[in-house]
Amino acid sequence: MKDVVFYFELHQPFRIRPVNLADLKNGNKDVFWEEKNEEIFRRIAANNYIPATQHLMDYGIRSSFSLSGTFLEQASRYCPKVIDVIDDYVKSGQCELLSETYYHSLASIWSDEEFTRQVRMQTDAIKMIFNYDPVSFRNTELIYNDHIAEVAKSMGFRNILAEGTDYIASQHDVNYRYAAPSGINLYLRNYPLSDDISFRFSNREWKDYPLTADKFAGWVSQSSGEVVNLFMDYETFGEHQRPETGIFEFLRYLPVYFEQSDVHTILVREVEKRHRVRDFLSIRKTTSWADKNRDLSAWMGNLMQVNTFERIKECRDKLGDLWGYLQTSDIIYYMSIGNEEDFTVHEYFNPYRSPYLAFIYTNAALDNLCGKDYGKNIMP
Amino acid sequence: MKISVIGWELPPAFSGGLGIHTINLFSIIGHMHDVTIYVPDLGYEFPPYPFHVRKVRLSRSRFVSGYAVIEDFYDSVMDYNDRVVEQFDPNGVDIVHCHDWITFPAGIRLKEKYGIPLVVTFHSTEYDRCAFFNPQERIMSIEREGAERADRIICVSNLTRRMIVDNYHADDRKIRTVYNGVDPYPYISYPEQIRDRDVLYFGRVTSQKGPKFFMEVAKKVLELDSKVKFTVAGTGELLPEMKRYALENGFLNHMDFPGFVSFRRAIAYYKRASVFIIPAVSEPFGMTVLEAMISGTPVILSKTTGVGEALNHVLSADFWDSDRMALYTISILNHRGLMKTLSDYGKMEAMRFTWRRSAMSTMEVYDSL
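Chains A and B supply the protein sequences, listed in that same order. Numbering follows our numbering, with no gaps: position 315 of the first sequence is 315. Here our numbering runs 1000 ahead of the position in the second sequence, where the first position is 1.
The reader is advised that the hints may include incorrect statements.
Simulated crosslink set (EDC-like; lysine to aspartate or glutamate; CA at most 20 Å straight-line) [as the list claims (entries may be wrong)]:
(1) Lys1219(B) with Asp23(A)
(2) Lys1111(B) with Asp1072(B)
(3) Lys1347(B) with Glu340(A)
(4) Lys1347(B) with Glu34(A)
(5) Lys1347(B) with Asp1183(B)
(6) Lys1303(B) with Asp295(A)
(7) Lys1340(B) with Glu113(A)
(8) Lys285(A) with Asp295(A)
(9) Lys1220(B) with Asp23(A)
(10) Lys273(A) with Glu226(A)
(11) Lys1174(B) with Glu1364(B)
(12) Lys1347(B) with Glu1364(B)
(13) Lys25(A) with Asp1041(B)
(14) Lys372(A) with Glu1223(B)
(15) Lys25(A) with Asp1323(B)
(16) Lys1271(B) with Asp1183(B)
(17) Lys372(A) with Asp317(A)
(18) Lys25(A) with Asp1321(B)
(19) Lys1243(B) with Glu1223(B)
(20) Lys1002(B) with Asp1151(B)
(21) Lys372(A) with Asp1225(B)
(22) Lys25(A) with Asp1183(B)
(23) Lys25(A) with Glu1364(B)
(24) Lys318(A) with Glu150(A)
(25) Lys215(A) with Asp262(A)
(26) Lys1340(B) with Glu310(A)
Simulated from the structure, these hints should not be mistaken for lab results.
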């Protein structure tokens, strides 16, 4: 017998509009890229959010969703049907809703006060929209350390998720229930098996191509431990892996082969009822699921990112309600250069196709919103 | 393998772009193959090189104090090509390699005469040199014939490659893009300078290089930020017009026009600038881009500057889009994080353009024959 925990990230940022010289001259304060945000949301709703959720529900796959607050806002604004479909799935009892920061921000790495404020906002939003009380916590892009776990525990969460980095996996089998020093349950992502679906599924160069449901069910049932945590971006289903790749058929047959192999899909909150704590696990250095480094370098990897991050932090009083939206981690992530080999991968996820343009547009928006010299690191 | 190169410039006789390319590339290839370079005999002596130099005596040049002075460029080119064919030693030659239209006629005739496979390199085309304005038909027809008759074509960028395919209908399958290299040591060893709020244009002041658009950028940047200086380093027929533009628009006091700048002084200019702009209308490669990057200077280039297609750590715009280049310039000047990131990553990226790599790719072209 083996348990599988599926958790999916559903998130959309409010992207910042590209600027031109005229915007800089006249201080255009209309900084969000409304048309683009709407276009992307509608596209992914049609390709992924709506069909994938219906499939999960129809095929009886239990899973946990982490919805960001900015995702929920865009859903209600651009495509409310997405909320209805997710609500149906939650009401069916097959879907657990996790909590995170409302803005999918980096608040956890610099301010407990701001972090807890945003988590409360998100928990309130989930309660308001779905009448649901989250008991599990998942931080932005799995950013994790002992302290973040402790803060989550103090806010009343029972479970928290983290990346099973190579280092951690070399010391501990990730396929078990662990506990952080603060006592909160800790579940580590099995990244090789997760990436088999999210990255490699349609890769014809991959030795295990094509990935079929029976093959995958076999791998899961033969893997070590008790509980396999498959955490990934929800857009895997229908957007990154297009329907032509057979990803939805894969989902359809997965429960069939899981059942044959005595594998069960369960929710994050259900693990503690079925498995004992294997060990206490202390992770002091901050980890995440981003890039190859699995740390903060996707956001703090170059001086453009560090300077913009500092600037946004300082602009609290100037920005009012907008402050949170500018903290969305994607805004800084778009400025990531990564390794030279990652450059084209980053370009794919970058609406401006360039880390430099991301910096220029974001800082022009900050100039226009907060005044030119506010928090800026000027050349001598 | 025995390779005969039909050249034009070779330092110390001229050191324009073609001469620099020839000496760097064949100093490497000369160690692996038997290379002979033919050049016009203009009275210069050459130091020992890792290849043979064959000086070709011209019949139509006039001698002034020991140095030949070329009177009519086109006629001299044709004369040179005739003399190369006359004085050519075909013994054991496997490949003839020609550089630009000024050497194509000889290569074509040698191929006809001796059946030696022909490789031609396009460092530029007539379209580039005239910035698409009034190209000379007689030169284009030489380029067209060179592209047609060559067994292999080397282009310095895919931009040039497309131009040859589109305008001369060359067979794309026999074309290979080989980027130029840059020797980083003079730039790295030069002491670091304090970077001013100074924006640099460096190159000939001709319509091909788009100096007019640089002046427009200057005007637009100064409207938003008056504490910036602009330098136009180089000479050319458009220089008076550029000065007049600055004067008429009231920013001549923000401009510096040093005229011709020597190689060593150029490094100082690069290292003092915070932004380097090349708004070329049509630039097949753009060596100055790599030189600026190795000097740690952030680069803004036009999309019609060939080397840009192989670079990530530069900002690009259409050559006519001075609004966009002005936005980029202001952003770099006002944000140390942007300036530093472009500078650091740009330097690393430009370092990968080595002559060794260019030589290896060129030899792969030889091997394919």
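Hints versus structure:
Between Lys1219(B) and Asp23(A) the alpha-carbon distance is near 17 Å, which keeps this suggested pair within the 20 Å criterion. Our distance criterion of 20 Å between C-alpha atoms is broken by Lys1111(B) and Asp1072(B), whose separation comes to about 27 Å. For the proposed pair Lys1347(B) and Glu340(A), the alpha carbon gap of about 13 Å is at most 20 Å, so the pair holds. Between Lys1347(B) and Glu34(A) the alpha-carbon distance is near 37 Å, which puts this suggested pair outside the 20 Å criterion.
Annotation: proposed proximity of Lys1347(B) to Asp1183(B) holds, straight-line Cα distance about 13 Å (limit 20 Å). The straight-line distance between the Cα atoms of Lys1303(B) and Asp295(A) is roughly 35 Å, outside the 20 Å bound, and the hint therefore fails. Only pairs whose Cα atoms come within 20 Å are accepted, and Lys1340(B) paired with Glu113(A) is rejected, the gap being roughly 32 Å. Between the alpha carbons of Lys285(A) and Asp295(A) the distance comes to roughly 8 Å, so the proposed pair stays at or under 20 Å and holds.
Distance restraint check for Lys1220(B) and Asp23(A): the Cα-Cα separation of roughly 13 Å lies within the 20 Å cut-off, and the hinted pair is therefore satisfied. For a cut-off of 20 Å, the pair hint linking Lys273(A) to Glu226(A) stands: about 13 Å separates their Cα positions. The hinted pair formed by Lys1174(B) and Glu1364(B) meets the criterion: a straight-line CA distance of about 13 Å does not exceed 20 Å. About 27 Å separates the Cα atoms of Lys1347(B) and Glu1364(B), which puts this hinted pair outside 20 Å; it is violated.
For the hint pairing Lys25(A) with Asp1041(B), the CA-to-CA distance comes to about 58 Å; that exceeds 20 Å, so the pair is violated. Our distance criterion of 20 Å between C-alpha atoms is met by Lys372(A) and Glu1223(B), whose separation comes to about 15 Å. Under the criterion of a C-alpha separation no larger than 20 Å, the hint pairing Lys25(A) with Asp1323(B) is consistent with the structure, at around 11 Å. Under the criterion of a C-alpha separation no larger than 20 Å, the hint pairing Lys1271(B) with Asp1183(B) is consistent with the structure, at around 16 Å.
Under the criterion of a C-alpha separation no larger than 20 Å, the hint pairing Lys372(A) with Asp317(A) is consistent with the structure, at around 15 Å. Restraint check for Lys25(A) and Asp1321(B): the C-alpha separation of about 16 Å stays at or below 20 Å, so the hint holds. Note on Lys1243(B) and Glu1223(B): the hinted pairing holds, with a Cα-Cα distance of about 18 Å set against a maximum of 20 Å. Pair hint Lys1002(B) plus Asp1151(B) holds up; C-alpha atoms about 16 Å apart against a cutoff of 20 Å.
Of the pairs offered as hints, the one joining Lys372(A) and Asp1225(B) holds, with about 12 Å between alpha carbons and a cut-off of 20 Å not exceeded. In summary, the hint linking Lys25(A) to Asp1183(B) is not supported, as the alpha carbons are separated by about 41 Å, beyond the 20 Å threshold. Our distance criterion of 20 Å between C-alpha atoms is broken by Lys25(A) and Glu1364(B), whose separation comes to about 52 Å. Distance restraint check for Lys318(A) and Glu150(A): the Cα-Cα separation of roughly 31 Å exceeds the 20 Å cut-off, and the hinted pair is therefore not satisfied.
The hinted pair formed by Lys215(A) and Asp262(A) meets the criterion: a straight-line CA distance of about 14 Å does not exceed 20 Å. In summary, the hint linking Lys1340(B) to Glu310(A) is supported, as the alpha carbons are separated by about 16 Å, within the 20 Å threshold.
Of the numbered hints stated above, those contradicted by the structure are hints 2, 4, 6, 7, 12, 13, 22, 23 and 24, listed in ascending order.
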